[in-house]
Amino acid sequence: RQGLPSLSSCAVLQDNSQKPELLKDYGTCGPIVAKTIVDLLNLQPCQEEMLTTSASFAMMGGDSLTATLISRTLYAYHLQVENSRFLGGDYGQLPEPFNAVNLICAKNIAD
23 RQGLPSLSSC
33 AVLQDNSQKP
43 ELLKDYGTCG
53 PIVAKTIVDL
63 LNLQPCQEEM
73 LTTSASFAMM
83 GGDSLTATLI
93 SRTLYAYHLQ
103 VENSRFLGGD
113 YGQLPEPFNA
123 VNLICAKNIA
133 D
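Heads up: the sequence shown is residues 23 to 133, going by this note's numbering.
Some clues are possibly wrong.
Below, in silico cross-link-like pairs of lysine-lysine (PhoX-like), each with a Cα-Cα straight-line distance of 25 Å or less [claimed, not checked]:
| hint | residue 1 | residue 2 |
| --- | --- | --- |
| 1 | K46 | K57 |
| 2 | K41 | K57 |
| 3 | K129 | K46 |
| 4 | K129 | K41 |
| 5 | K129 | K57 |
In short, the hints are calculated from the structure, not lab data.
Whole structure, please, built from the sequences with the hints as guidance.
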């Protein structure tokens with residue numbers, strides 16, 4: 023018990039009064055993003071129902087390699103070019119907001 027922080031120093035949980043929405047029904051790009059995530063994470067139909075705006079990328083089973091693939095796929099779709107490993111220049115660095123770090127570090131997929 024001595025290793026735990028005091029209650030006064032703990033942050034209060036955020037109010038999640040807004041009901042999470044399925045990503046495939048979220049905005050104009052939601053269906054595209056949802057399909058890309060489902061395809062590249064190889065999610066089963068029963069797992070697709072967990073793909074909501076409040077889900078985190080890590081919670082869905084994502085890692086840095088998959089984040090790179092998803093970001094590059096969405097970037098290619100946005101530019102309407104062929105998705106290839108050569109997108110992103112010499113170092114594979116995609117511009118904001120398509121950088122894989124954004125997907126990994128986001129609090130939830132809707133962010």
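**Asked** Is K129 within 25 Å of K41, Cα to Cα?
**Response** Status holds; Cα separation ~16 Å.
**Prompt:** Would the pair K46 and K57 pass a check requiring their Cα atoms to be no farther apart than 25 Å?
**Reply:** holds, 8 Å
- Query: Are K41 and K57 close enough, with their CA atoms no more than 25 Å apart?
  - Reply: The hint holds at about 21 Å.
| task | Mind checking the alpha carbons of K129 and K46 for me, to see if they're no more than 25 Å apart? | result | holds, 18 Å
key: Satisfaction of hint between K57 and K129, Cα-Cα up to 25 Å   = Measuring from Cα to Cα gives roughly 20 Å; hence the hint holds.
In the structure shown, no violation is registered for any of the earlier numbered hints.
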